[in-house]
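The listed protein sequences correspond, in order, to chains L and D.
Just so we're aligned: 466 in this note's numbering is position 466 of the first sequence, and the numbers increase by one with no gaps anywhere.
Just so we're aligned: 123 in this note's numbering is position 123 of the second sequence, and the numbers increase by one with no gaps anywhere.
Heads up, a few of these hints could be off.
For lysine-lysine, the following BS3-like pairs were computed, each having C-alpha atoms within a straight-line distance of at most 25 angstroms [said to hold, decoys possible]:
no.	chain 1	residue 1	chain 2	residue 2
1	D	K122	D	K70
2	L	K22	L	K513
3	D	K117	D	K26
4	L	K106	D	K22
5	D	K70	L	K74
6	L	K85	L	K22
7	D	K94	L	K127
8	L	K310	L	K599
9	L	K487	L	K420
10	L	K22	L	K74
11	L	K74	D	K92
12	L	K492	L	K582
13	L	K74	D	K94
14	L	K322	L	K335
15	L	K127	D	K117
16	L	K529	L	K513
17	L	K389	L	K513
18	D	K79	D	K5
Derived by calculation from the structure, the hints in this document are not laboratory data.
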Amino acid sequence: MNDEMEEIIQEFITEAEESLDKIEPRFVELEQKGQDTNLINDIFRSMHTIKGAAGFLGLQLIVDVAHSAENIMKKLRDSEIALSKPLMDVILESIDMLRLLLIHLKEKDGVEEDVAPLVQELANALKTAISDSGKSINTNIPIEQASNASKPSETMSPEPASEQLINTVNVDASAEVTGNSQETTTRSSKPAQAAEELTQIPEIAKTTVSNTVKNAERTQAAVDVEQKPNEIIPTAKDNTQKAQNLRVDVSRIDKVMDLAGEVVLVRNRLLNISNYFDMKYTDDQMTEILMEAVFFLDRITSDLQIGVMKMRMQPIQKIFSKFPRLVRDISASVKKDVELQIFGEGTEVDKTVIEHIGDPMTHILRNSIDHGIESSEERIASGKPPKGKIVINTYQKGTQIIIEIMDDGKGIDVDNLRKKAVEKGLMTEEEARKMSDDDAINIIFLPGFSTKDVASELSGRGVGMDVVKTNISLLNGYVEVSTEKGKGTTFKINIPLTLAIIQALMVEVDGAKYAIPLTPIEETLKVSKKDITNITGQNVIVIRDQICPLFDLDKALGFRSNGNNDDLDFKYLIVISLGDRKFCIAVDKLVGQEEVVIKTLNGLDTTASFVLGATITGDGKVVFILDVTGLSRNLMGLAKV
Amino acid sequence: MSDFKMKILVVDDFSTMRRIVKNLLKQLGYENIEEAEDGAQAYSKLKNGGFGFVVSDWNMPNVDGLELLKKVRSDPEIKDLPILMVTAEAEKEKVITAIQAGVNNYIVKPFTGEVLKEKMDKIFERLAAQK
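Just chain L, same shape as in the assembly (with noise of 0.2 angstroms):
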């Protein structure tokens, strides 16, 4: 297969993700409307293209599923049967199939699944809905009735925000990248372009790059001679002002990121050495003019950063397109009656967390359902709305993207909690009985723990709320619980903005030098030795009457202390709060903070070493990025508080 076939494959693959991802919820809509023409229509033509672009790929079984379903979509369309719950499930089965084919197709697998027995299915659905409705049904449509019919109106057209997807990130192509303070546009100069296909991009880019520079020089003239800011926007103008969008393969993005960070070190480097001449050679003119272009870039370079991390903001929407269906699933099938509010669907966030939110998020919703709301009988009694409801909310506040979760279920009974817990025998029936009622929510992200005596087909499966947790620390976010008996819960999830480039305090410890992300640390101290007292083996410092464990870093590191340090009579601490966990970590030295970029380590078990990746510092040297998620699971794992 060459490269041509196969890039056509991966952009089938993803355009045709995207369909399903955009008919999904259209079937709930269409369950709460019934027969609505539009929609059906919708999902008709989506199926319709999919078994089409399919079939010139050779891709059979996809073909035949996407057929199948085509089918009864076209007769519903027609009028000719009519829409049931069982016609329904059936399809969305089929939608289920053909995402299961698209993957192994994206995997290489080489897995085959049998389509066969869903495509009978299918065609026996097919059969009863026609002997059901038949009969009653004027099945002599004119043709051009039907293509009239198939008009959809102009709500239904895709919007640009949902054609975001896993493989791609549609850039703006009109995205702004402000060079300065005089805002230099880049823009692709020729629209036409955009419209183009990929294998052209890399010349867009050069256009589009050497326009940057070409801008940035213009700027740099702007600033010494006064030019006119309208001048150095490119002629094209009116014919960029409709918003384009360029469909780029993600491996090219997360090139430029990459190649963003590298200027971020070189940057970083520049800075310092000429810092150096700056105290050297005060008088020098060159070194007057050195330190302003070195300012000049280090404006630029911050731009570009933005720049860059904005290309790989996506809508979160991406996600939450799934949930109506999957509430509807869920809710049928343990009989309740369940009600799914999404707001903030247009808040962005980085390509990575649309990856991977996904299921710590699904996890939820399904909890929600199976633990949180009740059945309608109870509802009624206890004066509720017999209709359940959870609320999705998504905003940004500072650099962080909440996702709070609601529902207004029964609550988490924190005493049967406490019960199960020592039930468990995953604490003692004193450290129960001790906890806070906050603390004790927490419970239900301990690993092995789960409430519901026999665990049900959803919640089960003997994965605990406690992946939730690690999954949304692989993002270096956290987890927080409210819940309030007898009215709901609420899951808080707190992640950053962007994943490569993050604020870091830089520590020293034996002489070495370790970057601290600087997100969940509270506060830092300095204290002497002998406000450190031992508890049964484990260091802890009072904060604020608040007993704290603390650990030295080179051993929490698992290095053997040269013991050097000990003699100091004081300590650095650093205090660490990770959503319910707060634990100090003692260092010799606090060096400032810094802006780095992640750079991951090949060949390096970072869960066992504790390291998120390495960057390079401002005077060229490599530091390790301390993985402070990984290293308070450990380290409180040993604990004694």
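Let chain L serve as the given structure and place chain D on it in line with the hints.
Just chain D, lined up with the frame of chain L:
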């Protein structure tokens, strides 16, 4: 005899399909190919002129292939533009509707480069004979 410089418009809402058709056309030797996502976009591109041939999908949102065909045929400026319609399967009624609306030929998905060439050659032969 085929004019490989001729500007061709490929109309389909699924970008993979546009790419496939474009590829097939390129294999046949055509170089000047543009794309449109639906009938509305296609129509405004065609109005700008310069196109010698259209390959259009039938099933599209907004303005579908049949509507595009009708619009083109009723527009004095571009009414003679040859249009090849792509359909999923040979549905007789559909084909008849399209022929009545003035389509030059139709092609059933999936098709090969040879079939596409055959259909295009037929269209151009017939057009040449009419002149």
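| Is the straight-line distance between the alpha-carbon of K85 (chain L) and that of K22 (chain L) 25 angstroms or less? | Holds, at roughly 20 angstroms.
| message | Given the hinted pair K122 (chain D) and K70 (chain D), is their Cα-Cα distance within 25 angstroms? | response | The given pair, whose Cα atoms are some 21 angstroms apart, holds under the 25 angstroms limit.
| Does the alpha-carbon distance linking K487 (chain L) and K420 (chain L) stay inside the 25 angstroms limit? | Between K487 (chain L) and K420 (chain L) the Cα gap is close to 22 angstroms, so the pair holds against 25 angstroms.
| message | Between the alpha carbons of K70 (chain D) and K74 (chain L), is the straight-line distance 25 angstroms or under? | response | Holds, at roughly 23 angstroms.
| query | Has the given pair, K389 (chain L) with K513 (chain L), been kept, meaning a C-alpha gap of at most 25 angstroms? | reply | 50 angstroms, violated
| said: With the threshold set at 25 angstroms, check whether the alpha-carbon distance from K22 (chain L) to K74 (chain L) stays at or below it. | reply: Holds, because 18 angstroms separates the two Cα atoms, which is no more than 25 angstroms.
| said: Checking one constraint from the list: CA of K74 (chain L) to CA of K94 (chain D), max 25 angstroms. Satisfied? | reply: 14 angstroms, holds
| query | Within 25 angstroms, alpha carbon to alpha carbon, are K529 (chain L) and K513 (chain L)? | reply | 22 angstroms, holds
| query | Can the restraint linking K22 (chain L) and K513 (chain L) be considered satisfied, given a maximum Cα separation of 25 angstroms? | reply | 48 angstroms, violated
| message | Hinted pair, alpha-carbon criterion (25 angstroms max): K127 (chain L), K117 (chain D). Please report holds or violated. | response | Since the Cα atoms of K127 (chain L) and K117 (chain D) sit roughly 40 angstroms apart, the hinted pair is violated (cutoff 25 angstroms).
| query | Are the Cα positions of K492 (chain L) and K582 (chain L) separated by 25 angstroms at most? | reply | 18 angstroms, holds
| said: Checking one constraint from the list: CA of K310 (chain L) to CA of K599 (chain L), max 25 angstroms. Satisfied? | reply: Distance ~19 angstroms between K310 (chain L) and K599 (chain L) Cα, so the pair holds.
Going down the numbered hints, you'll see the structure goes against 2, 15 and 17, while the others check out.
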